[in-house]
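Throughout the sequence shown, residue numbering follows our numbering, covering 1 to 86 in sequence.
Keep in mind the hints are simulated off the structure, nothing from the lab. One or more hints might be untrue.
[Unchecked claim] Capping the alpha-carbon separation at 30 Å, the derived lysine-lysine pairs in DSSO-like fashion look like this:
| no. | residue 1 | residue 2 |
| --- | --- | --- |
| 1 | K10 | K32 |
| 2 | K45 | K12 |
| 3 | K10 | K79 |
| 4 | K12 | K32 |
[As the list claims (entries may be wrong)] The following label-pair restraints were derived from C-beta to C-beta distances:
| no. | residue 1 | residue 2 | range |
| --- | --- | --- | --- |
| 5 | T37 | K67 | 31 to 37 Å |
| 6 | L55 | H78 | 35 to 41 Å |
| 7 | H78 | A36 | 31 to 37 Å |
| 8 | L47 | L74 | 23 to 29 Å |
| 9 | K10 | H78 | 32 to 38 Å |
| 10 | L29 | F5 | 19 to 25 Å |
| 11 | V69 | L31 | 35 to 41 Å |
| 12 | D30 | M4 | 21 to 27 Å |
| 13 | F68 | M4 | 33 to 39 Å |
| 14 | R73 | F5 | 38 to 44 Å |
| 15 | R73 | E9 | 31 to 37 Å |
| 16 | V63 | D30 | 28 to 34 Å |
Glycine included, each C-beta is placed from N, C-alpha and C at the ideal position.
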Amino acid sequence: MNGMFISQEKTKCMYFTHELNHSNNDNRLDLKIDCATIEQVDKFKYLGVMLDENLTYKYHSDVTISKFVQRVRLLKQHKNGFNITQ
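Construct the entire structure; sequences and hints are all you get.
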């Protein structure tokens, strides 16, 4: 091989489907690396984007909006504490 090491702890697998009403048991994968089972997940963060198994991006948008609301709330709480002079 090219010397690349695959971390079994960090490696995840996901089954993508366009079916919105599917059972997770129908799409279970049994993947192994060196006899270690690879965890199958429903959501995974890849290159900063939260992917879900339906590729709807709903989870990603929910997380992004939640972070935005928290930061706006923090700015509102501390708006009088910022001294911006030019």
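Fill in: Violated constraints from the hint list, given by number and in increasing order
3, 7
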